[in-house]
Amino acid sequence: MITEFIQFSLTPILIGILAGISCAVPGNFLILKRQALIGDAISHVVLPGIVIAFIFTGVISTIPMLLGAAGAALVAVILIEVIKRLGKIEPGAAMGVVFTGMFALGVLILEQTDTSKVHLDVEHALMGNLESLIWLKAQGWQSLFDLDVLKTLPDELFRIIFVCGFILSLTVIFWRWLKIVTFDEEYARTIGIHSSIINFSLVIITAIAAVAAFESVGSIIVIAMFICPPAAARLMTNKLGIQVIWSIVFAILAAIFGYIIAGYGPLWFGSENSVSAAGMIAVVSGIILLLTCMYGPCRESVGQTKD
Amino acid sequence: MINSTNTSEITPSKPALKIQGLTVSYGDKTAIFSVDANFPTASMSAIIGPNGAGKSTLLKAVIGVQPILAGQVHIFDNPIKNNLQKIAYVPQRVSVDWDFPTNVIDVVQMGLYRQVGLLGRMKGEQTSIAMDCLDRVGMADMWQQQIGQLSGGQQQRVFLARALAQDAEIYLLDEPFSGVDAATERAIIDVLKSLKSKNKSIIAVHHDLATVRDYFDYVLMINIKNIAEGLINETFTNENLQSTYGGKLELTHAEELSAPKDRPTK
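Heads up: the sequence lines are chains C and Z, in that order. Going by numbering that gives the first Met the number 0, 4 is the number at position 5 of the first sequence; the sequence numbering is gapless. Going by numbering that gives the first Met the number 0, 136 is the number at position 137 of the second sequence; the sequence numbering is gapless.
Just so you know, the hints here were simulated from the structure itself, not pulled from any lab data.
Pairs of lysine-lysine residues, derived as BS3-like cross-links and limited to a Cα-Cα distance of at most 30 Å, are as follows:
id	chain 1	residue 1	chain 2	residue 2
1	Z	195	Z	80
2	Z	28	C	83
3	Z	122	C	238
4	Z	80	Z	17
5	Z	195	Z	224
6	Z	122	C	32
7	C	32	Z	28
8	Z	197	Z	13
9	Z	80	Z	192
10	C	87	Z	28
11	C	32	Z	85
Make the full structure from the sequences, and use the hints.
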C-alpha cells in the first residue's frame, strides 16, 4: 500500500504542489495589479513556441521550451501591435485574436506532428500528464534515502524543484520592490526603483512558471493555478506577506486533495476509472476560492472606502 | 490691497526646480509643448490650468515617469538625473488601488525604502520616523489601519506622510486637495507651510482657483503651453486667467478670483 503510494502518487503530488506554488506566488502580484489574465495570455501564447521547440529538439526539456515560449511571446507582442495599427481596433480585441490564434496554431501543429516517437500530444498539452510521472523503482519510505533509487525520480520533479526554488528566492530578495511597484508604480520610480524592469521580470517569471507547469498540468489548467490560490488568499488577510503564504498553503491543499480525489474519488463511487488529476486540482482550487468567498475573514474590509 | 506677508523675500534667481522647453506627447497628441518654469526655493508654487492642460503630465515628466520628447529639468542648478532623491512626489490619490493588502504604517515606510535599501531591515528607528511623519499629518492613531478602510482625506494624508518620510528638498504634489474634507485640506496646508518655513520647496498641481491666493506664493499657468508664470500678486490676474482658461471661465468669476482679498494669507 505504502509502496504503491510512493510509486504512483508521491511524485505527481509533489510535482503538483511545486507547480502550484510556482504559479501561485507570481499570481499574487498579477491579481493585485489587476493583470490576472496575463497568466492566461502567456499560457495560451507560449503553446506554439513550446511545441516548435519540442519538434526541433525531440525531447521535453525546460531550456529549449523556455526559448520557444519567449520567441512565441515576442511574436505575440509584435502581432498585437501590427493588428492594432493596421486594423485600428482596440487593444483588447487585438490581444484576444492573437492569444487564441496562437493557441490554436499550437494545437494544430501538435496534431500534425508525428508524436509516436515522443510523448506529447494534444490532450497532454492541454490537460497535463501528472499521472504518468511515476517512480517505479521505489520500494517504500526507505527509497527516499537511497541515492541510486532517488536518481530514477522523474526529471520533471527536479526541474520543478529548481523553478520553484528560483521563483521563491527571487520573490524574497525583491520583496520590497515587488510590493511597492505593485502598489504604486509611479511612486516607485521616484524613489529610484526601475518599475519597468520589475514588471518585465514578473512577466518573465510568469512565463517560466507557465512553461514549468505545462509539462505536468498542461496549458489550460495552469490558469487556475495562477489565479485561484492568490485570489482566495486575498480574502483571508489584509497583509501582503500573509497573503502570499496563504496562497502557497492553498496551492498545496489543491494539489494534494485534487490528486487524491482524482485518483481515488471515482473508486469511492464504484467507478473503475480515475479522472484527470490536473483537472481535479483546478476544481479543488475553484472550490477553495468559493469557500473563501463565502467564509473568508477579509471579504468585507476590501473596497469599503468611507468617503 | 497689499496682502503679501511672505512673497517679498522670494528670489527667483536660484530656482528649486527649473524646467526648460519641456515637451511631452501621447501618440499624436501634444500634452505639453515647450513649457518653461522656474519654481523658486522655499516657497509654495501652484500649477494651474484647465482639464487636459498638461498639469499632471508636467509633474510626471519632471520625475521621469512620463517620457519626454524634448526639454531639460534642473533642480538647484543640477541635472535632475542623479538628484531625484531630493524630490518627494505625492501622486493623485486615485492613482493607486486602495484595496491593496497593507496598512497605514507600511505605506509610510515605503518612503524609507531608498534609505534602507533592498534588503536592509526596517529597524525601530525607521518605525519611529514613520510614526513621526504620521503624527505630523494627524494620523498617528490610525497607524495599524488597513488602507482600504480610510476615507479620501485620510488616504491623502497617508500619501503626504510617506513623502515626509523621504525628507526631501522639493515636494511635488498632484492635486493634493482633490476630493478631501475641509479638515484634511487645513491639515495638509499646515504641513506644507511648516515645510516651507524649513526652506523646503512645494510645487502642487491645484484645481481650486478660489484658494490659489490663500495658499500659494508663486504660480505657473499653463494650457499645453506656458501662459504666465510669476509671483501670485503679479501673475494671478484676470487677464492671465482668461488666456489660460479661454472662454471657459466666466468673466466676473475671473475678476473675483484675481482680485486680492483684504486679508492676510497666514
